[in-house]
Amino acid sequence: MEVEIIFKIAAIGILTAIIGQILKQTGKDEIATIATLAGLIIVLIMVLNLVGDLFNTLRNIFNF
Amino acid sequence: MEIIFKIIAIGLITCLATMIIRPVRSDFAVIIAIVGGLIILFMVIEYLSNVFEIFRDIIGITGLNSNLYTLLLKIIGVGYLIEFTAGICSDTGNSSLGDKVLLGGKIIILVMALPIITNILQIVMELLPS
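Listed in order, the protein sequences are those of chains A and B.
Each residue of the first sequence is one higher than the last, beginning at 3 in my numbering.
Each residue of the second sequence is one higher than the last, beginning at 602 in my numbering.
For reference, chain A alone in the conformation it holds in the complex (with noise of 0.2 angstroms):
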């Protein structure tokens, strides 16, 4: 579970990049924002998990 989250986003940051590269040649530049804006999404519902997930085990360990 745990390396291959760094990975992940590592990844998906990269090919955002390398489509916002794309369409930005082919002169689609307002769909390349809205693509980097969508892997930026991703990713960060992907931390919201994490951190979703460390609150709760926290909260069971500490029993706040």
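The reader is advised that the hints may include incorrect statements.
To be verified - Here are the simulated DMTMM-like cross-link-like pairs (lysine to aspartate or glutamate), alpha carbons at most 25 angstroms apart as the crow flies:
1) 26(A) to 628(B)
2) 675(B) to 647(B)
3) 707(B) to 692(B)
4) 10(A) to 658(B)
5) 701(B) to 727(B)
6) 675(B) to 654(B)
7) 707(B) to 727(B)
8) 30(A) to 628(B)
9) 607(B) to 700(B)
10) 607(B) to 4(A)
11) 707(B) to 684(B)
12) 607(B) to 647(B)
13) 607(B) to 692(B)
14) 607(B) to 55(A)
15) 675(B) to 6(A)
16) 701(B) to 654(B)
17) 10(A) to 55(A)
18) 607(B) to 31(A)
19) 10(A) to 692(B)
20) 675(B) to 658(B)
Stated by the list, open to error - To list a few chain B residues with every Cβ distance to chain A over 10 angstroms, as calculated:
21) 660
22) 703
23) 723
No wet-lab data here; the hints were simulated from the structure.
The structure displayed is predicted, hence computed values, not measured ones.
Idealized CB from N, CA, C, for every residue including glycine.
Starting from the known structure of chain A, arrange chain B on it as the hints suggest.
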């Protein structure tokens, strides 16, 4: 005992990933740093719960009242979270925000620790020959 090697490995991998992704997309570098920190926290958290089980047994033996124990647990939890958040704040560059988070955490811990202080004072007062 080999978990320490996993922690080191994940730390190094996270640093490399942030280094690679920084020129391509600088905002993802910070996100990867946060995720790396989260993973290491997840790995060590079981050890922490074992320590608390031992604490609970010790306190059970010594006969101290148990709400001190839960209070101690909460204070450690608050410290744990505050340090994690302050680290992220200083990572993303706004260290003044991190200091404010730390200040807030210290105040919360002080407020939570007041009952312990009054408890100790009562014990001391009982010992003194009035």
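We went through each hint and held it up to the structure:
1. The hinted pair formed by residue 26(A) and residue 628(B) meets the criterion: a straight-line CA distance of about 20 angstroms does not exceed 25 angstroms.
2. Restraint check for residue 675(B) and residue 647(B): the C-alpha separation of about 16 angstroms stays at or below 25 angstroms, so the hint holds.
3. Proposed proximity of residue 707(B) and residue 692(B) is supported: the alpha carbons are some 20 angstroms apart, at most 25 angstroms.
4. For the suggested pair residue 10(A) and residue 658(B), the alpha carbons sit about 42 angstroms apart, so the restraint of at most 25 angstroms is broken.
5. Taking the CA atoms of residue 701(B) and residue 727(B), the gap is about 39 angstroms. The hint is violated against a cut of 25 angstroms.
6. For the hint linking residue 675(B) to residue 654(B), the alpha-carbon distance of about 14 angstroms falls within 25 angstroms, and the restraint holds.
7. Taken as a hint, the residue 707(B) and residue 727(B) pair is broken in the structure, with Cα atoms around 30 angstroms apart against an allowance of 25 angstroms.
8. Straight-line distance between C-alpha atoms of residue 30(A) and residue 628(B) comes to about 23 angstroms, which keeps the hinted pair within the 25 angstroms bound.
9. For the proposed pair residue 607(B) and residue 700(B), the alpha carbon gap of about 30 angstroms is over 25 angstroms, so the pair is violated.
10. Using a Cα cut-off of 25 angstroms, the hinted pair residue 607(B) and residue 4(A) holds, with the two alpha carbons roughly 10 angstroms apart.
11. Restraint check: the Cα-Cα separation between residue 707(B) and residue 684(B) comes to about 10 angstroms, which is no more than 25 angstroms; the hinted pair holds.
12. For the hint linking residue 607(B) to residue 647(B), the alpha-carbon distance of about 15 angstroms falls within 25 angstroms, and the restraint holds.
13. Straight-line distance between C-alpha atoms of residue 607(B) and residue 692(B) comes to about 22 angstroms, which keeps the hinted pair within the 25 angstroms bound.
14. For the suggested pair residue 607(B) and residue 55(A), the alpha carbons sit about 20 angstroms apart, so the restraint of at most 25 angstroms is met.
15. Annotation: proposed proximity of residue 675(B) to residue 6(A) is violated, straight-line Cα distance about 32 angstroms (limit 25 angstroms).
16. Taking the CA atoms of residue 701(B) and residue 654(B), the gap is near 33 angstroms; set against the 25 angstroms cutoff, the hint is violated.
17. Annotation: proposed proximity of residue 10(A) to residue 55(A) holds, straight-line Cα distance about 18 angstroms (limit 25 angstroms).
18. About 42 angstroms separates the Cα atoms of residue 607(B) and residue 31(A), which puts this hinted pair outside 25 angstroms; it is violated.
19. Distance hint between residue 10(A) and residue 692(B) is fulfilled; the C-alpha atoms sit about 21 angstroms from each other, no more than 25 angstroms.
20. Taken as a hint, the residue 675(B) and residue 658(B) pair is honoured in the structure, with Cα atoms around 17 angstroms apart against an allowance of 25 angstroms.
21. With a cut of 10 angstroms on Cβ distances, residue 660(B) stays outside the contact zone with chain A, its closest approach being about 14 angstroms.
22. For residue 703(B), the requirement that its beta carbon stay farther than 10 angstroms from each beta carbon of chain A is met, with the minimum near 18 angstroms.
23. Non-interface call for residue 723(B) relative to chain A: holds, since the shortest CB-CB distance, roughly 25 angstroms, exceeds 10 angstroms.
In this structure, the earlier hints numbered 4, 5, 7, 9, 15, 16 and 18 are contradicted, and the remaining ones agree with it.
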